[in-house]
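Here's the letter readout for the chains.
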Amino acid sequence: MLETIDNLLQGFATALTPVNLLYALLGVAVGTAIGVLPGIGPAMAVALLLPITYGLDPVGAFIMFAGIYYGGMYGGSTTAILINTPGEAASVITAVEGNKMAKRGRAAQALATAAIGSFVAGTIGTLMLVFLAPVMVGLALTFGAAEYFAVMLLAFVAACSVLGSSRVRGFASLGIGLAIGLIGLDPTTGQSRLSYGIPQLADGIDVVIVAVGIFAVGEALWVASRLRRTPAEVIPVGRVWMGREDWKRSWKPWLRGSFIGFPFGALPAGGSELPTFLSYMLERRLSKHRAEFGSGAIEGVAGPEATNNSSAAGVLVPMLTLGLPTTAVSAVMLTAFQQYGLQPGPLLFEREPELVWGLIASLFIGNTMLLALNLPLAPMWARLLHIPRPYLYAGILFFASLGMYAVNASPLDLVLLLLLGGLGFMMRRFGLPVIPVIIGTILGPMAELQLRRALQISDGDLAGLVTSPLTIGVYAIVAVLLLWPMVRFLRGRRRPAAPVSAGERTGEEAAG
Amino acid sequence: MSAPPSAAPPRDARAPWWGRAELGVAAFLYLVAALVLVDAAGLDAGVTQRGPVGPAAVPVGVGLLLIVVATVLAVDVLRGGRGAAEDGEDVDPEATSDWRTVALLAGAFLTNAALIDIAGWIISGALLFWGSAFALGSRHWIRDPLISVGLSAGTHLLFGSLGIWLPAGPFTGVI
Amino acid sequence: MFAFASGPQRPRALVAAVLTAALAGTALTGCGAQAGQADGAPVTGLRIMVPNAPGGGYDVTARSAAKAMEDGGLARNVEVFNLPGAGGTVGLARVVSEEGNGSLLMSMGLGVVGASFTNESAATLADTTPIARLTEEPDVIVVPADSEYGDFEQLLDAWREDPGGVPVGGGSSPGGPDHLAPMLTAAAAGIEPQDVNYIPYDGGGELLAAVLGGQVEFGVSGAAEYADQIEAGELRVLAVTSAEPVPGLDALTLRDHGLDVDFTNWRGLVAPPGLSEEDEQALRDLVDRFHESEEWQQTLETNGWTDAYLTGDEFGTFLQEETDRVESVLGSLGLV
Chain A
1 MLETIDNLLQ
11 GFATALTPVN
21 LLYALLGVAV
31 GTAIGVLPGI
41 GPAMAVALLL
51 PITYGLDPVG
61 AFIMFAGIYY
71 GGMYGGSTTA
81 ILINTPGEAA
91 SVITAVEGNK
101 MAKRGRAAQA
111 LATAAIGSFV
121 AGTIGTLMLV
131 FLAPVMVGLA
141 LTFGAAEYFA
151 VMLLAFVAAC
161 SVLGSSRVRG
171 FASLGIGLAI
181 GLIGLDPTTG
191 QSRLSYGIPQ
201 LADGIDVVIV
211 AVGIFAVGEA
221 LWVASRLRRT
231 PAEVIPVGRV
241 WMGREDWKRS
251 WKPWLRGSFI
261 GFPFGALPAG
271 GSELPTFLSY
281 MLERRLSKHR
291 AEFGSGAIEG
301 VAGPEATNNS
311 SAAGVLVPML
321 TLGLPTTAVS
331 AVMLTAFQQY
341 GLQPGPLLFE
351 REPELVWGLI
361 ASLFIGNTML
371 LALNLPLAPM
381 WARLLHIPRP
391 YLYAGILFFA
401 SLGMYAVNAS
411 PLDLVLLLLL
421 GGLGFMMRRF
431 GLPVIPVIIG
441 TILGPMAELQ
451 LRRALQISDG
461 DLAGLVTSPL
471 TIGVYAIVAV
481 LLLWPMVRFL
491 RGRRRPAAPV
501 SAGERTGEEA
511 AG
Chain B
1 MSAPPSAAPP
11 RDARAPWWGR
21 AELGVAAFLY
31 LVAALVLVDA
41 AGLDAGVTQR
51 GPVGPAAVPV
61 GVGLLLIVVA
71 TVLAVDVLRG
81 GRGAAEDGED
91 VDPEATSDWR
101 TVALLAGAFL
111 TNAALIDIAG
121 WIISGALLFW
131 GSAFALGSRH
141 WIRDPLISVG
151 LSAGTHLLFG
161 SLGIWLPAGP
171 FTGVI
Chain C
1 MFAFASGPQR
11 PRALVAAVLT
21 AALAGTALTG
31 CGAQAGQADG
41 APVTGLRIMV
51 PNAPGGGYDV
61 TARSAAKAME
71 DGGLARNVEV
81 FNLPGAGGTV
91 GLARVVSEEG
101 NGSLLMSMGL
111 GVVGASFTNE
121 SAATLADTTP
131 IARLTEEPDV
141 IVVPADSEYG
151 DFEQLLDAWR
161 EDPGGVPVGG
171 GSSPGGPDHL
181 APMLTAAAAG
191 IEPQDVNYIP
201 YDGGGELLAA
211 VLGGQVEFGV
221 SGAAEYADQI
231 EAGELRVLAV
241 TSAEPVPGLD
251 ALTLRDHGLD
261 VDFTNWRGLV
271 APPGLSEEDE
281 QALRDLVDRF
291 HESEEWQQTL
301 ETNGWTDAYL
311 TGDEFGTFLQ
321 EETDRVESVL
331 GSLGLV
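Chains as they are written, first to last, in the numbering used here: chain A, 1 to 512; chain B, 1 to 175; chain C, 1 to 336.
Treat the hints with care, since some could be wrong.
To be verified - These stretches of chain C come out as covered by chain A in the derived footprint (C-beta under 8 Å, 3 or more residues): (1) 79–86; (2) 195–209.
As the list claims (entries may be wrong) - Taking lysine to aspartate or glutamate and the EDC-like style, the derived pairs with C-alpha atoms no more than 20 Å apart in a straight line are: (3) C:K67 / C:E295; (4) A:K103 / A:E245; (5) C:K67 / C:E292; (6) A:K103 / B:D92; (7) C:K67 / C:E79; (8) C:K67 / A:D57; (9) A:K288 / A:E245; (10) A:K288 / A:D246; (11) A:K103 / B:D87.
What the hints assert, rightly or not - Beta-carbon label-pair distances, calculated as ranges: (12) C:G213 / B:A41: 34 to 40 Å; (13) B:G154 / A:L21: 28 to 34 Å; (14) C:E294 / A:L132: 41 to 47 Å.
It should be emphasised that the hints constitute simulated quantities derived from the structure, not laboratory data.
The C-beta atom is built at its ideal place from N, Cα and C for all residues, glycine as well.
Just need the whole structure built from these sequences, with the hints factored in.
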C-alpha cells in the first residue's frame, strides 16, 4: 500500500514537468477535436494520432496518449448529446437523455455533467486501477461464460423497466432489436444468419449504426414529416452553467457510475455497453424525477457517462497486468507499447516501473486536463444548436452519413442507415420506445454467445450454467425481481383492469 | 413545453385510417418474424453443437416472441389502443404527415449513397446537405449551396489530412 | 499529408473541376500505376488495405510495412486504411473488384483463407495477384501453470479419452488459424475433428483470460502473443505446432510427439487481379527491397515474427495448397 503510493508519487514526479503538461493539453485538445468527428471513436482517434507521439520520449508520448484517449472518449459523448449521433458504443446510452436535454436548451448542463462525471469517474477508476488491480484480475479470471450469461439475464430483466408506457410496444421494440442482433455470423458454428450473402452484413450491424440510424436519421425523418411551420421557436438558451439542482442530482450518479463501470471494464468480455446501460436503469430506478426520464433527465447522462469513463480505466487492468487487450482501444495501446519495445503483461511492472507509473500518473493528468479544457467549451458547443432548423437537421444527416461512410467506405451502410431511420420513424410515429431496440441489439448477441459457450464448455450439460456461487446469487436476484411484482399484484389488486395500451403503472411496477 | 410524452394516447377520431395504420406495425413484426424463422430453418445444427442450444434456438425464440407481440399488438389496436406518437420541440402535434418533405429528405440521403463512390464526397455530400436543407424549407439560393460545398470540401480535406479515405470522385489526384 | 500534395493549385483545380466534367476524366487517369516508376525513385500513391480493425495482426503488418517503406526511402506517403468485415472477405471482395489497380496492396493471411470459406465469399484469394508471404508465426498449445496436464502426452490421453469433456479454446472463429490448428492436431492424433469441443474466443486476449481462469482445458494461439505470460510462468507450453522448435520456448513440436502435422499462421500481401506486367513487377520489386531493409528486420524482431519470405508464383502455389488444406479440414466439419 505505502509502496504503491510511493510508486505513484514517483510517477507524478516523472510526469509533472511543464513540457509534459503541454503534451497533455495538446493530447486532450487534439483528442477531443478528432473524437468529435463522426465515425471516429476513441480507438480510431488513438490509432490515427499515434504517429504524432512517435517523436517523443516514452513518458511524454504516454502522457499525450492518455490525453488523446480521454479526449476521444469525451468527443464521442459530445456528438451524442448535441446531434444525437453517438460516436461509439459507449456513448449510445448517453444520447438517450443527453440529446433530449439539449433539445430543451440544457445542452450546456448535459455536456458539463458529462465532463465532470468523466473526470470524477476517471479519477476514481484510475485510483482503483492503482490499488485494486491485482484483486480485480483475480476476480475477472473467475468470470466465465456461465457468469456472463447470468449477468446478461439480470440485465434483460432489468430492461423490463424501460419498456415504456405500453408494454406490448416495448416488447415489440425489444423483439426488433433482438432480430437485428441476430444478423451476422453465428460465432459458435460460423454459419451466417440473416445476412443474405451480403458481406457487409456478415459481421452483423454495429450497434452504433443502429443507434445513429434510429436516433439521428429517424428523428430527422420524423421531424420532417410534421415540421413546425410556425415561426421557429429557438431552443431556449437557458443558463450556461449547472445549477444547484443539477449538482444535487448529478453527484450520486457520478459516484455510482464510477463503481459500476470499473469492474465491467476489467472483465475480459465486459466492455462499456452493458455497464452504461445498467447504470442508466439504476439511475432511472433511484431517481426522484423518474417521470423526466425519456425527456431529458440529467441523471441519465451523469450516470452512464461516469460509467463509461470508469470502465475505460478498468480496461487497463487486464491490459497492464496480463497484457490482455479487451477492447479496440487497448489493442491499439498494445501497439503503442510495442513501439517502445515494451510488452505489457505480468512482467511489465517489474521491468519498467518508471514507465508504468508514469503512464498511470499521466492518466490522472490527462483526465484533469480534459476537465480544464472542456468545461469552458460546453456553453460554446451548446450554442451550435442555435443554427436554423433546416441547417441543424441537414447537418445531422450530413455528419451521420459522413461518419458511417468513413468507417467502412461502403455506400451500403448509408442505405442501411436510411432503412434504420425508416424504422426509427415508424417507432416514433406509433409510440414504440427506442431504448429496447438498442438493448436487444446489444444484449441479444452477447447473451446468446455466452449461453452457448457455457453449454459448450460443459459439453452440453445444463448444470454448466450454475457452476459458481456467483451465478447462483445472480439468479436469486433475478428470481426476486421477477417474483416481487407478482407478489405485490396478488396482495393488493388496487386498480381495476387498465385498458390494454394504457398500462403505464403496471409496466412500472412489474419491474420493481 | 417538454412535458413527458403523454401516457394516455389521444383517442380522438382524426382520419378513419388513423387507427388502422398501426396495424402496419403488427404486419411489420409478422414480416420480421417470418424472415427470422425462415432463416432459422435453413441453419444446420452442425456436427459441432453441444447441448440443447444450437444456432437456430435463439432465432426461433425471437421469431416466436415477435409473433406473440404482433398478435397482442394487433388485438390492442383493433380494440382501440394507440401508441403515443413522440412529441418534441420541432414537431407540430397538429400536423398530419407531410410525406413530400420526408420523400425529399430520403431522396437527398439516397442520392448521396448512390453518388458517393462515383461523384465523390465533395459533390455527393454537398448535394446531401443542400437537398436536406431544401427539403426542410430553406430557400437561400446562394447561401445554401455555398455552405453545402464548404462543409463537404472542408470535411473532405480534414479527413484526408487525418489519413481517412473519402472518395474524391472527379477530383482524384487533384486535391 | 497526401491530400495537400498539390498545395497552392488546389483551389483553382477545384473550381475548374466543378465547372467541367472533362477535366475530371483527365484527373482520374492521372492516378493510375504510379507504383511502376523508374528504378530508384520512391513510389508514390501506394495504398495498403487492412481487411480488419486497427490493432490486429494484419494492421500491424501493414503499418510496419508502410513505415519500413517510407523510412527506407522506397515510397512516399504510403496510405494504410482499414476495411474490416466478415473475417477479411469484405476487403478481399474490394481488392478483387479493383482490377488492374497497380497501387493497391492488401495485407492478409491464413485467416482470410478460412473466412472466404465460412463466409461463402464470392471473391477468393485465387482471384488476386499474389505478391509475397512475409511472416509466419507458429501456434502454441498452452495450459495454465496449475493445470493437471504435466506434459503433452497426458493432455493427449485425456483428449482422446473424452474429446467433448476437454474443451479447447482458440482466438479465432471457426475457419480461423486457432481453429484449424487444434483440428489438424486432433486429426493427426486420431480424434475425429467433429468430436473436438472447440470454443471460439474473440481474439487472443479473451482467450488468455479463459485459459488462465481454467474455463477451457487448454488453449491454442499465436506463440509471440503469449511470450510474456509464458516467461512469467503463468502459462505452460505443452507443444508448438511448427515443424521446427521455436527459439526461446522450452517445448517440443507436434512432430516430436509423434503427430504427423505442422502448422504455422502466416501473413503476406496480395494485389488486385489483372495487373499489367510492369505494375506487378514494380510491386514485387518494392516488396523485395523493403523486405531487405533494416527497418523491416527490426520490425520482425520487435513483434516476434519469423521471416517467411516467399514471392510471386511460389507464393501463389502456396496459397493454393493452404486453400486446399483449409477446405479439407472445414469439409470434415461440415462447414464448407
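Going down the list of hints, with the structure as the test:
no.	hint	verdict
1	79–86	holds (count 5)
2	195–209	holds (count 9)
3	C:K67 / C:E295	holds, 8 Å
4	A:K103 / A:E245	holds, 19 Å
5	C:K67 / C:E292	holds, 14 Å
6	A:K103 / B:D92	holds, 15 Å
7	C:K67 / C:E79	holds, 10 Å
8	C:K67 / A:D57	holds, 19 Å
9	A:K288 / A:E245	holds, 12 Å
10	A:K288 / A:D246	holds, 13 Å
11	A:K103 / B:D87	holds, 12 Å
12	C:G213 / B:A41: 34 to 40 Å	holds, 37 Å
13	B:G154 / A:L21: 28 to 34 Å	holds, 31 Å
14	C:E294 / A:L132: 41 to 47 Å	holds, 44 Å
This entry satisfies every hint, going by the numbered hints stated previously.
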